[in-house]
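> Sequence:
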Amino acid sequence: FHELSGLPADEQRRRLAALARTAPADAAELTALLAHQARASEWFRASAPWIGSDDEMPGIEAGPDPLVGRQVLHYRVDAPLGRGGMGVVYRATDVRLGRAVALKFLHPGRIGDEDARAALLGEARAAAALDHPHLCTIHDVGETEDGLLFIAMAYYEGRTLKTVLKAEGALAPERALTIAHAVASGLAAAHAAGVVHRDVKPANVLLTAAGDAVKLLDFGIAHRSRTTTRSGPTTAGTLAYMSPEQLAGGGTDARTDLWGLGVTLWEMLTGQRPFRAASRLELVDTIELDAPALSPIPADVPAGAVTLVASLLRKDAAERPASAGEVRDALAALLAPPPPPAESAAEARSRRIPVAALNVALIVLALAAAVVLVRVARDPTVPRDAPTHSFRIPAPGPLLSWSWIDLSPDGHLLVHAAPGTGALGIQDLRTGEHRTLVGSEGALNPFFHPDGRRVAYQRGTGLALELADVSGAHPARPLGALPFQAEGMTFVDTARLVVADRAVGLRVAPVGPAGTLGPLRSLTSTTALGHLGHAHPHAIPGRDAVLFEIRRSDGIRLGVVDLRDGRVHELDVPGQTPRWAEGQVIYTAFAELHALPFDTATLRPTGPPRALGLPVNARSNARDFALAGRRLAYLAPLSDDRRLVEVDPAGQPRPLVRRWQTFLHPQWSPDGRSLVYVNRVAPRPLEMFVLDPASGRLTGFQRERQAQRPLWSDDGDSLVFTGIDPARGGAAVFKRASDGGGAERVVVGGGKVAVATSRDGRWVVFRELATDRTRALDLRTEDTLELSPYGIDGYVSFAPDGRRVAYTRTVAGNTTVFVRSFPALADPVVVSSTTGRDPRWGRDGTELFYRSGPDVVRARLVSEPGLAVAERTTLFSAPYDVESGWDVHPGGQRFLFVEARQDSATVVVRPLPAG
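Letter 566 of the sequence shown, counting from 1, is numbered 726 in this note's numbering, and no numbers are missing.
If you are wondering where the hints come from, they were derived from the structure by calculation, not from laboratory data. Note that the Cβ used here is the ideal one computed from N, Cα and C, for glycine as well. A hint or two may mislead.
Pairwise CB distance ranges, derived in the manner of DEER restraints [unchecked claim]:
#  : residue 1 : residue 2 : range
1  : Asp-759   : His-1049  : 51 to 59 Å
2  : Ala-178   : Asp-611   : 51 to 59 Å
3  : Asp-460   : Thr-762   : 46 to 54 Å
4  : Arg-681   : Gln-1053  : 30 to 38 Å
5  : Ser-631   : Gly-743   : 42 to 50 Å
6  : Arg-727   : Leu-167   : 38 to 46 Å
7  : Thr-762   : Ala-492   : 53 to 61 Å
8  : Arg-440   : Ala-327   : 36 to 44 Å
9  : Asp-588   : Leu-945   : 48 to 56 Å
10 : Glu-334   : Val-228   : 39 to 47 Å
Build the full structure now, drawing on both the sequences and the hints.
The structure is reproduced here in structure tokens:
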């Protein structure tokens, strides 16, 4: 390649033609590489005026400067400070006010450049709209008699972060995280004002002489989110800190700044940039194609910081954190001291876990539990008639559904989340002993190592992997950090780990002797196979093959990949989370366990699937079962553990329904006289009920559909709900009269879950289970809109006039409430100041209620001059079940919650039913 790249084009073509006759594959690869080089070279030529090199930013050329000593309007130019790609900055004195200022003039070579003038004026307008302690203050903008355009800014004594890094190298983690937190805070303010910086880097971060106060400088290539402020090329920035979308010349938004922050944070923590190359051309390839170099990780760098950087440096902007505010909060959490032992770790844990993790299955809710009853077979060989025994496990907090269980390969040990502590619990199924795995606080999704002596799990936001000895005798050690949010993983053997990068496909990584992960390589490709996602892999013991979920546009199916040749076999069986057990694949479908006879030699089914007659918890994410040989462990359905309560604005509750059952998804009717909810009266399946509290009249229907998430029409005459529709591949959205009469009709089919309806009944919002995308369907035109390209978690709520929509979005463990116009879908406005979820509108659309941890918060919104939050008021603490849903009465003065009485769940361990 290097030889060919130096030849004239005609000679390149001649040699490639000759090579194609003997080695066509090599010729094709070289042709592609040369074409890529040509495109990159053209990109550099077109973008050169707008791309800076971070190595050339400081300093002023030697020789007299005609501006020094000159008075420009009421500013006296005193001395040069530095030079950038577009401008030159001077220290000056405001002679009217007697204060020091910084004046930024256009670079002498750009005085006649209209694009550059527009960019400088754009910077002034952008930065002048911002008022934040971590952003540079703009005083004035002006022009001299001879046409020199300038900006007058606040002057700060200090050094740029670039200068500090050059002099000191890597910073102490606490200092680095503190600086990054300040930058993220400034960016959050800028983004809230609609301003994207587009050149976040150490040279644009000033550390003032007064105690490292942080200022983000140079909005010279910033632009407004809605419109571009100049007509020049969209590719602008400093190459080493540019995001893939900037290099591609595509659209940029707030997530572009988060990429620059990620590069800068890693450079502060390690003294090295995560993307390095010998030339500018190679650097473009590295940024666009290679994974960030996040290893080796210095011993003093927190795992959470590595996780955060990895999320900031995702190639696809849609997979990065959605806002600088969320990054700011994640950094604040890393800087916060450890909570005292008395603090509820369960609540802290609920803030860290992406709510999107609950949306993979038909039931998008968590499982609450305070006492776990484990029925186990004492005999590890598990004969078919093995007896069962029960063990009570104290659990003062909720057992969340994403805390799936697993069995050791020999079936002797069961691992699960230890509610109330956030740590893992180990149950010995031979002795009945139960203990907490010390040091595993904050662990997620545990799964056993093939040796049965160790447990692997995800930590924090799920990007960091750790491996712990089940005896607790040795501290956990890191396996590695993933550059994406994994949706399931499995050990093939002691030397290989398969991880699901849902939108991309399955990946496999070697596991070294020391227990650390090597580089990931692709195992399956969703793009090549035309799938929407691959998830929840499970290795077949003794066979180089992995079962997994295939997410298609028509629903979720089972699949298997042969590791020997990479071939993927689609089994065309609707189901989720497949696992292997003695000649059959066990999986969940329609809230019940199923078995599929299967031949490992051909990787094909040998018979039809059959239901095992074992219902799983309908509020779990359908991943809560495990297998070891013929031993089966699963979470059984809940019942009789909660009731409906109505709470006034002072937080005083009264039972609305006194009986204790399994209440889910309560919602007031538009007139506030009735309410709908979902309930299960064991052993019947889920059923939808409409209750008139005044008369006590109760109407139940849709048991055969296992109805979920009912939503009222505006007139209260009908209900939209999610139900099981086997003919359409699983979940579908239905509509039926609220009195239970008439026939139901399908609104949206094929793996969809209802999320919201507009007050006028025109729009239905649904989530696609296969992609986690949330869309709004216009029932009049059948057109669809995607509410947010970044994904939506939890509930969506339409304003009374239908012109705004509120929703939550979770990234890096922090959940935030947003509001945006509808159906125009203008830039979203952040409503919650810290964490927030499950928004509900008040009667007139000026109030929005949401839950922040245990608290209910009311936000008052104003529309002029633009949509903004005027104030936030914490109304009361609501220690009620978060995942079962809540609602605000149409009058805005009453609140509906689900109170958990005992928060119990049952883990059943038993022999696998005979086929």
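> None of the hints should be skipped; say for each whether it holds.
Checked hints:
Between Asp-759 and His-1049 the C-beta distance comes to about 58 Å, which sits within the given range of 51 to 59 Å. At roughly 55 Å, the beta-carbon separation of Ala-178 and Asp-611 lies within the given 51 to 59 Å, and the hint holds. Taken as a hint, the range 46 to 54 Å holds for the pair Asp-460 and Thr-762, whose Cβ atoms sit roughly 52 Å apart. One distance hint, 30 to 38 Å for the beta-carbon pair Arg-681 and Gln-1053, is violated here, with the actual separation near 58 Å.
The hint said 42 to 50 Å for the Cβ distance between Ser-631 and Gly-743, and at roughly 33 Å that hint is violated. The supplied range of 38 to 46 Å is met by Arg-727 and Leu-167, whose beta-carbon atoms lie about 40 Å from each other. With their beta carbons about 54 Å apart, Thr-762 and Ala-492 fall inside the hinted range of 53 to 61 Å. At about 25 Å, the beta-carbon gap between Arg-440 and Ala-327 misses the expected band of 36 to 44 Å.
Taken as a hint, the range 48 to 56 Å holds for the pair Asp-588 and Leu-945, whose Cβ atoms sit roughly 53 Å apart. Between Glu-334 and Val-228 the CB atoms are about 40 Å apart, so this pair conforms to the stated range of 39 to 47 Å.
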